[in-house]
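Asks: Here is what each chain is made of, one letter per residue.
Number of protein chains: 2
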Amino acid sequence: MVICKKWTLAQRFDGKPTSANFKLVKEDISEKLNDGEVLCEAVYLTVDPYMRTGEARNAVGGTLFGEQVAKVTVSKNPKYPVGTIVRLMSGWRSHTLVKDAGKEILRSAEMSDLPLSLMLGTMGMPGMTAYFGFLEICQPKKGETVLVNGASGAVGSLVGQIAKIKGCKVIGFAGSDEKCDWLKELGFDFAYNYKKVDVDAALNEAAPENSVDCFFDNVGGTFTVKALNHMKTFGRVSICGSISAYNDTTLPTGPLPFFNILKSQLKVEGFIVYRWHQRWQEGEKEMLQWIKEGKIKYKEHVTEGFEKMPEAFMGLFEGSNFGKAIIKV
Amino acid sequence: MVICKKWTLAQRFDGKPTSANFKLVKEDISEKLNDGEVLCEAVYLTVDPYMRTGEARNAVGGTLFGEQVAKVTVSKNPKYPVGTIVRLMSGWRSHTLVKDAGKEILRSAEMSDLPLSLMLGTMGMPGMTAYFGFLEICQPKKGETVLVNGASGAVGSLVGQIAKIKGCKVIGFAGSDEKCDWLKELGFDFAYNYKKVDVDAALNEAAPENSVDCFFDNVGGTFTVKALNHMKTFGRVSICGSISAYNDTTLPTGPLPFFNILKSQLKVEGFIVYRWHQRWQEGEKEMLQWIKEGKIKYKEHVTEGFEKMPEAFMGLFEGSNFGKAIIKV
Chain A
68 MVICKKWTLA
78 QRFDGKPTSA
88 NFKLVKEDIS
98 EKLNDGEVLC
108 EAVYLTVDPY
118 MRTGEARNAV
128 GGTLFGEQVA
138 KVTVSKNPKY
148 PVGTIVRLMS
158 GWRSHTLVKD
168 AGKEILRSAE
178 MSDLPLSLML
188 GTMGMPGMTA
198 YFGFLEICQP
208 KKGETVLVNG
218 ASGAVGSLVG
228 QIAKIKGCKV
238 IGFAGSDEKC
248 DWLKELGFDF
258 AYNYKKVDVD
268 AALNEAAPEN
278 SVDCFFDNVG
288 GTFTVKALNH
298 MKTFGRVSIC
308 GSISAYNDTT
318 LPTGPLPFFN
328 ILKSQLKVEG
338 FIVYRWHQRW
348 QEGEKEMLQW
358 IKEGKIKYKE
368 HVTEGFEKMP
378 EAFMGLFEGS
388 NFGKAIIKV
Chain B
68 MVICKKWTLA
78 QRFDGKPTSA
88 NFKLVKEDIS
98 EKLNDGEVLC
108 EAVYLTVDPY
118 MRTGEARNAV
128 GGTLFGEQVA
138 KVTVSKNPKY
148 PVGTIVRLMS
158 GWRSHTLVKD
168 AGKEILRSAE
178 MSDLPLSLML
188 GTMGMPGMTA
198 YFGFLEICQP
208 KKGETVLVNG
218 ASGAVGSLVG
228 QIAKIKGCKV
238 IGFAGSDEKC
248 DWLKELGFDF
258 AYNYKKVDVD
268 AALNEAAPEN
278 SVDCFFDNVG
288 GTFTVKALNH
298 MKTFGRVSIC
308 GSISAYNDTT
318 LPTGPLPFFN
328 ILKSQLKVEG
338 FIVYRWHQRW
348 QEGEKEMLQW
358 IKEGKIKYKE
368 HVTEGFEKMP
378 EAFMGLFEGS
388 NFGKAIIKV
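As given, the protein sequences belong to chains A and B, one line each in that order. Each residue of the first sequence is one higher than the last, beginning at 68 in our numbering. Each residue of the second sequence is one higher than the last, beginning at 68 in our numbering.
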């Protein structure tokens, strides 16, 4: 008998996620496998802030969506023998019966001897988000000044390090002194605890006279409004996330940025990383190289136990994670 | 004796311009001209909304800045004999003593037999603003849907017509029924009086299911926030003006747009037209061709009398002008 545990959406999100949104369901998925099918067991799962926004994809009663790294435990498919590590978009579930392997099993990155959990972080979607979302939209040039918020997070910490590789001055904002210390270790030139500093004063110090060339935004809201005031003419802004807004039932309000966008001739672009899907391997290859060379460091915040997934997810909005949030089954 | 009349800034703008901001000063500029110098008399002057924002360039007591079309009345420069029509950036003044003709006399467009006042409108800065600001930033494609506000203005009416030339569906918002009627005459597919309609309802009608591909924004503020909700994925937004904000001492507030920019992967870019200075002639040439072919129509709102410049300027923020505001001396 194979009992699959899965986290389902008990009720729609309304404001911050609470435990009432989640329901653990057990399901017997024992079945005689047909030819071509494989049974997989989750090894690592991921929680990411963007999942809060996917209500259209999350039906009440359905399994929450998301990616996982899993191991093949039963196989009727010679391409995927028992023990094979695979990447699945099968949601928050402990076991997955894969019927159409060619479609359901996603291509895995060349991982060399890196930890498999990185497939969900630096070598996975968050890594490619940083790589393409920063390089393609911000087009950073050597000597330029780069600002990133949510800077100790899965994406932000990579953006800052890529910016250093490209020869930029890097300013990061994060949510604790400990996180800021780590940003300094990573080579950030300035790191501020946004809970303690005045954002304008900090930017006046780190980027005097409105000298931010590139701004990679994970946060949105009034932070972004303020940051736009510190940009240089022809500055580029990559809008990657709006974590400050995900849990609001209405959009946050504040001074509207359009006149500033005009005056400084800014380019502000939002993106979802899958637009670069065709170029994914190019990003993975360079990221792997940088990790091997010690130019990119990563930190994971590992929560043990499938049962704790909701807790790990809710923690994202409290800044409880320090590094990429990973669930180890 | 040559008496030059000039409008100076009596006190800094604070909120809407009022007559207290302007002072008419007379100055005797009779001088024996040196070799190379010319004396010019203004024929047409222009008032444009952007002038409200140029306080850094407008010193209290100084002449208000701006462009004019003038005629040479005295000449000691064989390149500019008496009667030559020139373009000057000499400000709100009736007479100009040009000392360094090579520098102060701006290149004039090839006007064919068009009215000279067009040098300040369709064939001048507003025309190039529409041409480059729309085509370069919005990159409109045949069959796409284009939204423009301030649509009956000097720039907006050209953007809509260029969009029609490019084979787009065009939606315009203007401030009176009469203006909307004219937009329909120009070939706009939809024209709404923003004072009478609900912007969301109008856009749901004209661009169902968020199908605006390109948005050329002259207005800013909450109109822009709303419009961003009606854009298609990968939509392009050209931020040309923020007339709704120019007279505010603080920025208007409203729901912040960053999450919408992210979700729809929009590209929002502000510009000032002089960035395309090197390509000016390319724009003039095509605009001239379109005018000759009857594909671009223009409307001027001519105020007679140099004394009425402040009045014409103040009217811009009330929507009193219908077409490009021109002062005929």
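No lab work stands behind these hints, which were simulated from the structure alone. These numbers were taken from a predicted model, which means no experiment stands behind them. Hints are not guaranteed to be accurate.
Identical copies carry no separate label here, and so any pair may be met within one copy or between two of them.
Derived pair list, reagent style DMTMM-like, types lysine to aspartate or glutamate, alpha-carbon separation capped at 20 angstroms [to be verified]:
(1) 231 <-> 256
(2) 90 <-> 134
(3) 262 <-> 378
(4) 330 <-> 81
(5) 330 <-> 315
(6) 334 <-> 203
(7) 334 <-> 108
(8) 170 <-> 104
(9) 330 <-> 203
(10) 293 <-> 104
Asks: Indicate, hint by hint, whether the structure satisfies it.
Replies: Results for each hint:
1. In this homomeric assembly, residue 231 and residue 256 come within 20 angstroms of each other (Cα to Cα) only inside a single copy, at 9 angstroms, whereas the closest approach across copies is 50 angstroms.
2. In this assembly of identical chains, residue 90 and residue 134 lie within 20 angstroms of each other by CA distance solely inside one copy; the values are 19 angstroms within and 68 angstroms between copies.
3. Within a single copy, residue 262 and residue 378 get their C-alpha atoms no closer than 23 angstroms, and across copies no closer than 49 angstroms, so neither meets the 20 angstroms cut-off.
4. In this assembly of identical chains, the alpha carbons of residue 330 and residue 81 lie at most 20 angstroms apart only when taken from different copies (19 angstroms versus 37 angstroms within one copy).
5. In this assembly of identical chains, the alpha carbons of residue 330 and residue 315 lie at most 20 angstroms apart only when taken from different copies (15 angstroms versus 30 angstroms within one copy).
6. With identical chains, the CA atoms of residue 334 and residue 203 are at most 20 angstroms apart both within one copy (12 angstroms) and between copies (13 angstroms).
7. In this assembly of identical chains, residue 334 and residue 108 lie within 20 angstroms of each other by CA distance neither inside one copy nor across copies; the values are 44 angstroms within and 41 angstroms between.
8. For the homomeric pair residue 170 and residue 104, the shortest alpha-carbon distance inside one copy (11 angstroms) is at most 20 angstroms, but the shortest distance between copies (78 angstroms) is not.
9. Within a single copy, residue 330 and residue 203 get their C-alpha atoms only as close as 23 angstroms, which misses the 20 angstroms cut-off; across copies the closest is 18 angstroms, which meets it.
10. For the identical chains of this complex, residue 293 and residue 104 are neighbours neither inside a copy (53 angstroms) nor across copies (49 angstroms), given an alpha-carbon limit of 20 angstroms.
Consistency note: the structure conflicts with the earlier hints numbered 3, 7 and 10.
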